[in-house]
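K.L.:
Here are the chains, one letter per residue:
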Amino acid sequence: MATPKTPQTTTPGTDERPDALPVEQPGRTPALRDAYVLGGNRIPFARAGGKYTGASNQDMFTAALEGLVARYGLQGERLGEVVGGAVLKHSRDFNLIRESVLGSSLSPQTPAFDLQQACATGLEAVVTVSNKIRLGQIESGVAGGSDTVSDAPVAVSEGLRKALLKASHAKTLGARLKAFAAVRPGDLAPSTPSTGEPRTGLSMGEHQAITTAAWGISREAQDEVALNSHLNLAAAWKAGFFDDLVTPFRGLTQDQNMRADSSAEKLASLKPVFGKHLTPSAPTHGAAASEAGGPALPTGPTMTAGNSTPLTDGASVVLLGSREWAAEHDLAVLARVVDAESAAVDFVHGHEGLLMAPAHAVPRLLARNGLALEDFDFYEIHEAFASTVLTTLAAWEDDDYCRTELGLDGAFGSIDRSRLNVHGSSLAAGHPFAATGGRIVATAAKLVADKARETGRPARALISICAAGGLGLAAILESTASPAVTPAQSTES
Amino acid sequence: MTAAAQEAPERRNPRLVTLPTLPGLGGLYAKGVASSGRIAVTRSPVGRVLPGPRDVVLPDVVYRVADVPTADVTEHLTAYQRLVGERVDDTLPAGYLHVLAFPLATALMVRGDFPLPLLGLVHVSNAVSVHRPVRVGDVLEVRASAENLRAHRRGVQVDLVTEVSTGGELVYRGVSTYLAKGFRLPSGEEPLPEQTDEVPREDFVPPFPTARWALGSGTGRAYGAISGDRNPIHTSTLGAKAFGFPRTIAHGMYTAARALAEVGAARGDAYDWTVEFEKPVLLPGTVQVAITRTPDDAAHPGGFTYVGWNGKSGKRHLGGTVTPR
Amino acid sequence: MTDKYLSAVNSGFTKTLAKKLGLPRPAVLRRYRPGDPLVPGPVLVIGEPGSAKDTNAVAQALLGWDLDVRQNAGDGETRWGAIVVVLTGATSPADFSAPVLELGANLRRLAPGGRVVTVSRAPADDDTPLLAATRQGVDGFLRSLAKELRAGATANGIQLTADAAPDSTSALATLRFFLSGSSAFVDGQLLHVGPAAAEATTDWDRPLAGRVAVVTGAARGIGAAIARTLARDGATVVVVDVPAAGESLAKVANEIKGTALQLDVTAEDAGARILEHARTRHGGLHILVHNAGILRDKLLANMSPDKWDAVIAVNLLSQLRINEYLLGANGFSEAPHIVSLASTSGIAGNRGQTNYGASKAGVIGHTRATARLLAPLGGSANAVAPGFIETDMTASIPLVQREMARRVSSLQQGGQPIDVAEAIAFLASPAAAGVNGQVLRVCGQSLVGA
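Line order of the protein sequences matches chains A, B and C. The opening residue of the first sequence carries number 1 in the UniProt record's numbering; numbering runs sequentially from there. The opening residue of the second sequence carries number 1 in the UniProt record's numbering; numbering runs sequentially from there. The opening residue of the third sequence carries number 1 in the UniProt record's numbering; numbering runs sequentially from there.
Okay, chain A solo, but in the shape it has when bound:
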């Protein structure tokens, strides 16, 4: 602590712990307290070019926010902060979240800011708002994200852009015309955003195809993850799980990508889309590499449209607050945001797969919190691709990898697959990049709250999200010690 201690605490004998924090003083940031997930809302996720064509990120984020305000009666409320972002963002949306707040029923005095961490944007927003609450800087906040590929920004070519900039700075008509004289016909073609990694030129799918092959993940295993995602999500919708987590938008009432009638046969009939030009190479990691006692058989392309997430439009938000704020607003507490850890990997030099950062983040997160991998009731591992889930799990089960890459004593561990993405994940719901974090956090918070209510014991969920740029973010949610009061336990009249 850089802050000088008070004379009292430095007096010998009055403070037995030399590293103890100074006692709380007026004007000093109060000690840490807990931040809680109080609820969430999202709009159903639409397939690209589907129901939300023409809807902007601001339209969608505002809709998600309005649904949240309606569910929790926050009209006119001045919240501490609204934080969120979008991955594919127009330059005019520099204040996307603040503009959304201004268009919502929240108090216009609610501050907001934009944040972006690729596909981890939504979860990072949750972590950021939670931390502000934990520090006592705010009492309540909303975290979320929005993304649309149907209304993605289209940029002009580099040549045209330079000419436009030059022309706008030109002082005379002649100079302006001269600036445009440099424009070539090819410059008039628009430049659309790509999902390719800027440093490698490989798309995320191609990157993951390499990781998938390196770990020798089979097509069948990936299809099974995809099938479970669809069936679990459909079952959750049918059971009404999302009735208080989703508000319809533009006539879409359920996730458009979901296929309740999906089957192993249907998934098996799809042609691979990623890794097609990957020269067949033998797995270099995990069981597939060691089983044969030498180089294993090369794996052909395995990643299809069915076991990869489609491009999707959507938005999600999570309501967070301190326990006091929740009580003042008669809001039940769903889950405590325990902790979070981000990680990044060196994929540029081929040292690690692009989407493997969560494999690094989770062990560090759990170690800090004294938890083991099996200490969770629910695992929410974002399904960027079916194989990202599988390579992450395979990595944790691999003794050698965990020693050399994660610095552990041995394999990190296995999870009970029946606790994995129990209500489906991105393969079925879709993955509007920045909106996925909010979807997962709200789902996981409700899961642990329900579980705690059901069993009377605290429940815990592990969330991990991989992101472009070799990023990963993991977080722990835990049900509160005293489960929400049920109607049977309290009567008023």
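Hints were generated in silico from the structure; no laboratory data involved. Beta carbons: idealized from backbone N, C-alpha and C, even for Gly. There are no misleading hints in this set.
Straight-line distance between alpha carbons at most 30 Å, and here's what the computed DSS-like set of lysine-lysine pairs gives:
(1) C:Lys257 x A:Lys51
(2) A:Lys271 x B:Lys315
(3) A:Lys51 x A:Lys266
Okay, the calculated bits of chain B under chain A, using three or more residues with CB under 8 Å as the criterion:
(4) 212–225
(5) 254–268
Starting from the known structure of chain A, arrange chains B and C on it as the hints suggest.
P.N.:
For chains B and C alone, coordinates are given in the frame of chain A:
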């Protein structure tokens, strides 16, 4: 090494020729084309033996430009950095120094007494050492010399050595090896096995790629515009066809510079950078790339190897290393 | 939904034309607007001689509302905002003669949007034939009179039950409702009003202040109007609709500063979830409006099981299940009010609506039974039976049928969702607790079911 050893005595005191400024490449090309024609006329390139021992001497001269200012290169440097994917800052990357010194080496190659034709020389490999970073504003001395004429399985090789120093301190040394196909040394000397400089094709098993370059048809023209190397095989389909390529080909140094750039900051301020060129990259084209970190152990310093290949044919385009010093 | 005919005959050239052609000219109804006077002119209070005490009590109460009250028709110039006829003391049909003829003499001076309200005693099981005839007679008189009124004026009756005084809390609340613009589309109706423990309303602009209300089917149409009206009257409103209607539901919730609960009322745990939401979020539950309903019209000969069952499940069984849960779990806070949406189809029947008619008649049935359960709690259960209301649903009726449905009522037009909502807000108010187990038609005195 034989050739080098043979020539060594003659090169103890090379003649130092100081030029006032770095020459422009355009003029040099015109001269190079003319002299190549002369060489082609007098010495038919295919399977011809170079004339007698007296004539296969490299010009015993070192070209030097004493004060090359870099204070005003920023715009050009930025364009280079953007093109090859280098971080845009005030450091002159090794590839840029190569571009800077290239005209001086070219001036040497177009001398009347240079024994090989400029056009038709194939750049087969390049090895660079950066001893310390060169920054915008440094005043540089650039030297170029030709060394080590030697036999090769498919012709004759020569090294063009460029050195950059500042304040009397050597900061950069680049060795560009060129092959003149079809020529043979008059001594009838055969290349040593280790001088074949080639990995047998069947031994190359493509690794998992870490990157992919989608190179457009304008790639050669874009690098040509910045490097000044407007060799028609890079910039014009007709020019490329004249040399037996179906389409234009990418500059080898462009691809090598991209690989260097992708290693990024991990290469440090001072580093060695090597490349060997194999199959040319036809444009437009896609190059699969793998950059691999080599572990740091007692035997080898840690660094990076890189390889670029054609994903469909599995043929290698280039390979090399980047090793922090 | 706009009634273009109504607009045409009330403005400009088409108004003149309609007048000349003698076309029916439905009036623009006088509806409640905050700040408007309760009635559009002085109130004439008349009574038969045996009811003098009650007549005075009513007049006193009206004076208490700062109205211009007259007990004498006077100069013959006054345009009456309302005429209240007190018949509580009548013991023979012969007693009607004087007061109704006096009423008749003043009808031409009733202002547009004026009101006639009769206050009489409801027939009781132990009435003598003479008394029964007297009290029942008011019914036929009132309904016939309502059909004679023009220019948006209406006639409705209060029938006091047991020993309820004409100036008791609920009687006055009902009188006020009938006089006000809130009852614009209620015509030719008689409500039984009994004694109530409820205290008299003091804030007539926000009679529902401090009350927590749940409205089902609130995403659009009548449900949304109910939610808005309850909120306007001061209630904290939980709006409920199926998850698929969530977008509109959220808009309604945010507009009225309520909370949205996405819920299928046919769900097994619907009652529990409604209660949990109302309790945790708002600390209690006072008002429940069963508005959610669906139509699946088909002649019985062509009726499919899904069409029949869906209508019964949504319109009737869901209400029963939710009520049963809430009453069983002792879920309501003090003085609970349940208002259920019935329909004139459930009273008079309608071709092609056997399923709907059955469900809505069922609603009337369970309302009467539930009323007995809520009375001891100081609450009430009532049904509102809308006639032709201009909504998205009725806009889909073919033009000719729609026009006919509009013009067959005494008010020669369809009602607006707000008209239904106003009736519900009245029935949900604490002061109306004496109105219990009733079916209030909001139909402009439509022939259908009237």
